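Visitor: Sequence:
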Amino acid sequence: MSNSPRHRTPTVGLPDRHGADPATTELDDQELAQLVRDGDTEAFAELFTRHRAVATRLAAIHADDAHTAQDVVAEAFSRVLQALRSGGGPSNSFRSYLLKVLRNVVTEWGRGAGRQVYVPDVSRYEVECAASAGHEALRNYEHTLAIEALSSLSDRWRTVLWRTVVQCQQPAAVASSMGLSPNSVAALAYRAKEGLRQAYLTGHLGRHHSPCSGYVGRLAAYSRGRLSTCAAEEMAVHVKECAACGRLYQEIDEVNSMFCA
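Letter by letter, the sequence shown follows residues 46 to 306 in our numbering.
No lab work stands behind these hints, which were simulated from the structure alone.
What you are looking at is a predicted structure, and each value in this text was computed from that prediction instead of being measured.
Just so you know, even glycine gets a beta-carbon here, dropped at the ideal spot from N, CA and C.
One thing to keep in mind: the hints can contain errors.
With beta-carbon atoms standing in for the labels, derived distance ranges [said to hold, decoys possible]: (1) Q75 x D110: 22 to 28 Å; (2) E279 x M223: 51 to 57 Å; (3) G291 x K145: 47 to 53 Å; (4) E279 x R82: 23 to 29 Å.
With a straight-line cut-off of 16 Å between C-alpha atoms, the simulated EDC-like cross-links for lysine to aspartate or glutamate are [as the list claims (entries may be wrong)]: (5) K285 x D298; (6) K285 x D73; (7) K145 x D298.
The whole structure should be built from the sequences, with the hints applied where relevant.
Guide: Structural data, given as structure tokens:
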């Protein structure tokens, strides 16, 4: 995205990044957004602190480099702040609104550079990243997550992904060497791709040592619709009642929305 305005001064200033007023930390996003509409800049500093990380991660997927990703994030927050100051902005989820604005920025700047910026199917993305482990591109944060996700899989899953995704072999050609029928290879590849996607999503959340760690560990499967009915219902209740897990779920669900089914 060579047309990013990294040499421009944003039309709307962002809040001080040293942190928000402690009095605002107990408020939810909608309450903070309303305070911003009323002229409270410290409220926006708290929103910035809460949502900067996920915005940066999403921008890093689309951007050509770290500097452009930072420009995208700054522009997205600037537009949201301007909308709130004008009495508009999000009426429900602040994060969803912010990330929609961020995607709009990516699209606009992508057009300006004469191309569309996109995210490929994750199953091929991670495996091809692993195949080129010595390349400079792996220094990128998202590529690192991809490698970690792939490394977390069993040898059998990595093998079937390599053969069917990277080498583009048909299940029938892989079956004999793996001691399986073609149908079994196809089923194994399907499970491996799903496992890779879930591992990649979980990687976005980092390490969590809290009473909610059991729930956090299942957020990827929940976002992918892979939990049992009972477990999904339990998770739905938890993410509504726990603000921290609710924010993590929004983050992971946003990344999941970019995957092919």
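Visitor: Does each hint fit the structure? Answer for all of them.
Guide: Going through the hints against the structure:
In this structure, Q75 and D110 break the distance hint of 22 to 28 Å, their C-beta atoms being roughly 34 Å apart. The beta-carbon spacing between E279 and M223, approximately 36 Å, falls outside the hinted interval of 51 to 57 Å. Taking 47 to 53 Å as the suggested C-beta distance range, the pair G291 and K145 does not conform, at roughly 18 Å. At about 36 Å, the CB distance of E279 to R82 disagrees with the hint of 23 to 29 Å.
Distance hint between K285 and D298 is fulfilled; the C-alpha atoms sit about 14 Å from each other, no more than 16 Å. At roughly 13 Å between alpha-carbon atoms, K285 and D73 fall within 16 Å of each other, so this suggested pair holds. At roughly 13 Å between alpha-carbon atoms, K145 and D298 fall within 16 Å of each other, so this suggested pair holds.
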